[in-house]
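Chemist: Fit chain A to the supplied structure of chain V, relying on the hints for placement.
Residue numbers (the numbering used here), protein chains in the order written: chain V, 106 to 830; chain A, 227 to 727.
Careful: at least some of the hints might be erroneous.
Between beta-carbon pairs, the in silico distance windows are [said to hold, decoys possible]:
{"no.": "1", "chain 1": "V", "residue 1": "T167", "chain 2": "A", "residue 2": "E552", "range": "35 to 41 Å"}
{"no.": "2", "chain 1": "A", "residue 1": "T301", "chain 2": "V", "residue 2": "M106", "range": "30 to 36 Å"}
{"no.": "3", "chain 1": "V", "residue 1": "K788", "chain 2": "A", "residue 2": "P501", "range": "49 to 55 Å"}
{"no.": "4", "chain 1": "V", "residue 1": "A670", "chain 2": "A", "residue 2": "V608", "range": "37 to 43 Å"}
{"no.": "5", "chain 1": "A", "residue 1": "R480", "chain 2": "V", "residue 2": "D479", "range": "53 to 59 Å"}
{"no.": "6", "chain 1": "V", "residue 1": "M106", "chain 2": "A", "residue 2": "E517", "range": "53 to 59 Å"}
{"no.": "7", "chain 1": "A", "residue 1": "R480", "chain 2": "V", "residue 2": "G133", "range": "54 to 60 Å"}
It should be emphasised that the hints constitute simulated quantities derived from the structure, not laboratory data.
From the three backbone atoms N, C-alpha and C, an ideal C-beta is built for every residue, glycine too.
Below, each chain spelled out in residue letters.
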Amino acid sequence: MTEVLLIAAAKPQLGVLADSVRRFNSHGARVRLAGTFHLESSSEEIAALDLTELHQLPRSLTHRSQALRRKARTSTVGMRVWLQARRNPWLRSHARGADVLVALDPGAVYTVWRLSQYNRSAEALFGLTPALKAVERLGARGVAARRPVLPPLGALARDVRRSVDGLPAALLRTATARPVMRSTVGARLWRGAVTAPGLPTRVRTVTARYVAEGMQWAGRTSGAAMVLADAASRTRDPALRAQLLDEGATKELSNGVAPRHLDRALAALLSHADGEFAAGRPGTAAAALDRALVLAFHRVLHIDQLSSPLAVDAEGFVAPLHGAETMRELSRGQGRRTPPERAPGHRPLRLLVTTSANDNFLHHVLEHFGNHPDVELRYLDLAASKHLKRIAWAGRRMLEDRLSGGTSDFQEEVERLMRPYLDWADTVFLDWSVGPAPILTTIDPGTTRIVVRLHSYEAFTRWPHMTDFSRVDDLVFVAPHVRDLVTSLVPQLRGGQAPRTHILDNAMDLTAFARPKPAEARFDLGLIGVGQVAKDPRWAVDVLERVRRHDDRYRLVMVGGDMDAKTSRATREYRRAFEKEIAALSESGAVVRRGPTDDVPSELAGIGTILSSSVREGCHVGLMEGAASGAVPVVRDWPFYAGKPNGARTLYPEDWVVGSPEEAAERVLQTTATEEAWREAGKLAAEHALSVWDWSVVSRQFDKLLLEGDRDAPAQAPTEKKSAR
Amino acid sequence: MLASPLMSASPRSALPAEGGRPHLVYLAIGFPPAAKSCAYRMRETANQFVEAGWDVTVVTIARESWERDSGVDPTLLEQVDPRIEVVELPLAREDLETDIRRYDEARALNPNGWVAALRRRQTKPFPEPNFGEWRGDLEQAVLGVHRQRPVDLLLASCVPYVNLAAAWKLWEEERVPYAVDFRDGWSIDVIEGIEAFGRASEEGRWEQRVLERALALWVVNDPIAEHYRTRYPDIADRVHVVRNGYDSESTPDRVRTADPGSGLVFGYLGTVNFPAQHLEAVLNAWKAAREREPLLANARFEVRGHIGSGADRGTNRHAEILRQAEADGVRFGGPAAKAEVATVYAGWDALVLILIGGRYVTSGKVYEYMATGLPIVSAHAVDHDASNVLRGHPLWTGPVGIDEDALTGSFVKAAHMAVETVAGTHAEAMAHADQFTREALMTVAVRSLVERFEADRETGADLETGEAPGPEPGEAAAPAPGAADPKPRAEKSTVAGGSAP
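Here chain A stands alone, though its shape is the one from the complex:
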């Protein structure tokens, strides 16, 4: 695998697409070594394309840029197929800059106001705060890759949604077909379960235009797929549910024997991206459960994962709440490298599944949690897609919402499960997850996409059916310079394991 900026990418043999190994350009901002939850899905996707006989060029951003975000995990690279070429663009999120010497005086005087203005400005080239201004670089990047070695298929993984502009550009100029992996979806706010923007908005026009010609649209669960099938009936048959799944190397081979004498250990592993009140409710319930249940009197609760970004990285309100809960046996251990995930799980007796959102959020960690065979305490909305996945799991305490009293009961129940469960039940619990290995899920998804691609190529279909329903996104119907600014949108929330595995 090569990691290089676009302009210095190593020269490749300009094999024609026909006859040689087909060439995929994969827009995957968050690809390893980014310590993002989406990295696992991206890694597996790229690997599966290589397995399917494709050459893969991943386009992402420079690894240093992730230092501002959720950091870098070099161990994620270990499982990346070395045949994959990676193009790293010198792009970084400007809002997360922490070097004050790079600030102009206006930013130094009012950091938050400056970032708010920046986000408005960034939506002008493409309607997405934080990322919109990357449009030109991404477009040039995919065109550059195509010039060096013709591209047969583009797969855009979102977020960021500005990837759609690059996919569209390559289609528009070179007629390279593309598919979209939305993971969570753009026009649905998966956290609140409502439409995120209207069809007439600039985002709406972009989404519609790009999806109309997409070879396939992948999303992570059925409710999101249903949203897209309803919104765009014409592409309903191209919408596929590609669940996140789990990596088998991330789960322990066997469940450790719980030892209440030395203290049960509960654990949470994942990005700490839920509201502070949510975390407080869980910790209050934990404290109450320790007071109520003798099995938990000396129990510990370990939290591992990323907290905050930019200037707040590792030091935000959540970090303080966790620090204050140390007297209750709570410990924040920081992020866990992918390579140590199985070891981390192996040291725990039960898991706490803290998730935001509801029926449109599944998360990736639910699959991994299931595969550990450990008891699972659910700390999320009752009507949550993770509940659907967990239904039937023998060591699940059940969905009780984010009610402190009910969660207290769940902790007590899980403590008993951890101590009283026999090996056979743990095995049964692990088996519940068998169907969700990431490799199995992604093999099917990639095969299906490749078949669709090949079928279309054989028939000469290019999906150019029907007249365009409106102006090009960002062009005629977009606000003219000087007209009212496009409506600023708050940054779309991402869900650890939901927007990404």
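For reference, chain V alone in the conformation it holds in the complex:
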């Protein structure tokens, strides 16, 4: 009888496994499966497998020493699985008796590799098909009777050596264990040790990293960052200093908090980048600059919080960045050799509309120009091609190219992949000013007109700072306050090479939203889209609670998917607080969650008041659609822009916008006091929405931009375009 031991770290393909087990059995093998994945969650399917035995290996390292768990945290999956499984008596016993040891996935390979050191005669294989072949082979030649033997001395000796090699790390982890680091005395002691004079740099660095790791395990994330910052302050090596500060800031960001030493980390990274750039090392300069930009525009700082340094002092926040030599180099517009050409009169305008995956706001644009007699339309989703996807977000390579004066192979790659499209198109309309914008502007657009649309999210990312706007002809914003913010952030948009800017509303077909509302809709406050912290639904709950004090018929109806807690710790924490807040309200029916839907018009038909509770928006599509449906709009004066020249108050009619939950409740109570008043307010809102934002109106703006704007472009004589594949 051939003994087969299968080991899986992840849930295997159970249908295929069932077939394989049958084939093993038909060859007279006995098959056992041991897994670190949760066997019980697939118990029915696994029970149907014709296994001799099934064994759940430890699924985690809970109850094991903290030093071991800390080691596991920094190890590969393979090592983690082995650390979980190695002491398991069942596994050790059956591994010693197995004729064929099989890893079913990459995570299980190391465990099989280690077990095979103790059972020198067993086959050790990766995958079911090789294992089946081995069983066939063994079946043909017969398996020799096996008796349990002690592990080979060599394997034991190697184990001892591994333990000795790992001793310093284990000791340091034990010495910086959670109880020590949790105590103020212990933490202070270790911080002192890290800053002790005379320590060799390597020792100080290694120690600081272990101490930081211990502090993080003890819940002292900022303490961890401080230790790394302390160590950084004691080194003269700019690369190491930047690295340590970067590590500290990253630890805090991954814990959802704004780094205490962000300014120092940015300064160190930029200084290192500038030094490397001056020394003619664009690769390392780009790597450091990239890290600086990633930290400066991390979503925890700007997107997953209810505020952002950009809301407080946008120009002040980016000033140190743009003071760096490398950033100045990056901001130096390369310009275009020739102005864009007008489309030849004898044929339609060749329009290339492109984006990377997100085409949420393009449907009407594509439909409109796809049917336009004066336009030959092509659509390019950069995420749909593996080649284009590889360059579309390659920020670091782009930075290296700019810092090396365009001599890296990246430019050639962009040229090769994008030039055929530029050769074909008269005009490129790129939606979203994110990764693809700097990539596209890496190369000279030739005679093609480049139009980029920036919504709102992009303002809080690094991408506009990396885009060469001197190669963009027209930059389209969806609202004036976004234009103001981005222009204040990006020096290129304020200089002589800045593109023309336009404000164009998003393309929305609002006529579909005009549906009759039942009388009971008057008491339903609606929120369309609650999937991001910036939507701040807790503000809406506050409003709800206030109006319910007057009339408990009011409800809050939320349409859309929930926030994804996996996005970041900050998001997770917001969601946790929010869930706690609405638990009782949900139970009583005062808060209704409708979840994601493809049929927003039907949902809006039952909503009487549409809220915009966000801390920031570009233009709030859900709010506009709600207004078009005849719901009464109540718009928070988005705090990011409140008090600035443009914001919610300039985008919407003044009476829609409120400064506080109190004002919001007051407006709700006032406009829904009677059914007649409510219907009248809703009617006025719908009229406004349809007359200003409906696609029938906005499409003319797009025509003007893309068709007439083409005629406004400098009068360069048209030449015949090449055909792109």
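Modeler: Quick look at chain A alone, frame taken from chain V:
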């Protein structure tokens, strides 16, 4: 035919090239018994050279190495001319190793990361992941063959493209002319239809240098030929379309009578190399068609072919998707040996042509499918070269893309075709493929290449025209040790029947 490692190859009479049978060394990694779709084209090519009066030495890798890949099909050897000598090099794809005892600790700890690093390393000797490190062995192999028996012509079939280095070496050292059978082409990504690399890249310099002096370049369809003619206008007249075609012994003599009572049988035969979503779309459409069309209520859909390689061989996500579709009458029957292909087709009532790529991909199975005379459901991009081949076929449901609803309609249409078509139409459908027998196509191609070779030999031309445009590939302009690594490239996708017949 002899199968031997190079160093133990049986001694051959050292006939001079002049006066005796000319000697072809054929770099054909994938030659039978490898169960690769390219094996058919390679087999026919070698046979045709023998027919044309040549001695042929095939250089490939050890048959055991194919066990890691898509396996071995001994029945493929049946039609190999016994006069062909085969040199098997002890090379194998290291990334596909499944014996964990051969792993070092670093590989065991992180198998995927280790393979990624391996692929980067492999591109140093020659810019091709998985195969680049074979360069030295292949170069020595062809030089060794030449020393034992002078070679008159070398034909390199790619993939792998590292064969080009061996062709170049024999040219450089011994001035042996060569031709290249690219099948799909290197600088064109046939799946996405875009340029795979630039001219200045290391791959670009290799391709340009080798093709400039090639006697001929074969590719499988017109769009790829056009790409090469445009890219290298100087060799435009040496670029030839050599379609894959089909083997007449692989198709049934007659179409079976469909019997809806016992259930229609649809079939797919070929490597399962398309994305899982593509397979799911086809199976969803199949399920919907069975629910919609009474003719399909008890129909079956059999899938035969290779799935996955290395540790995933036969057990990857695709295998699981097929397993889960069993309730819908879907059955995965594993690979079919070449000798049983005609029998497999004879048991089916309609075929499903699932292909990746677009206008640059033709595939080999489209020809074989046509020759069966059965209705064909196309499950590929509308703008696909297979559509061009199928246009005019009377039992083709037409190109509808990979849209589930439209594919559902295609399955329904094919069911009616299978039941309602008269014998004459089946014959007409089979006749549509007559022009594409592999033997006929390859006879012409080999004859043309031999004529070109002979003409050049008579005139003494050696294609050494003009100055070299740049440094030798892999030399001066290649990244120096310690410089930035050459840009890693993902493994170039192969197309069953496209990159190979």
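Chemist: Return holds or violated for the Cβ distance of A670(V) and V608(A) against the range 37 to 43 Å.
Modeler: holds (42 Å)
Chemist: Is it true that K788(V) and P501(A) lie within 49 to 55 Å of each other by Cβ?
Modeler: With Cβ atoms ~51 Å apart, the hint holds.
Chemist: Taking 53 to 59 Å as the hint, is the beta-carbon distance of M106(V) and E517(A) inside that range?
Modeler: violated (46 Å)
Chemist: Given the hint of 54 to 60 Å, is the C-beta distance from R480(A) to G133(V) inside that range or not?
Modeler: Violated, since R480(A) and G133(V) (Cβ atoms, about 43 Å apart) do not stay within the stated range.
Chemist: Lying within 30 to 36 Å: is that true of the beta-carbon distance T301(A) to M106(V)?
Modeler: holds (33 Å)
Chemist: May I ask you to test the hint 53 to 59 Å on the CB atoms belonging to R480(A) and D479(V)?
Modeler: 56 Å Cβ-Cβ, so the 53 to 59 Å window holds.
Chemist: Evaluate the given range 35 to 41 Å for the C-beta pair formed by T167(V) and E552(A).
Modeler: Between T167(V) and E552(A), where Cβ atoms are some 39 Å apart, the hint holds.
Figure legend: structure checked against the earlier numbered hints; hints not met, in rising order: 6 and 7.
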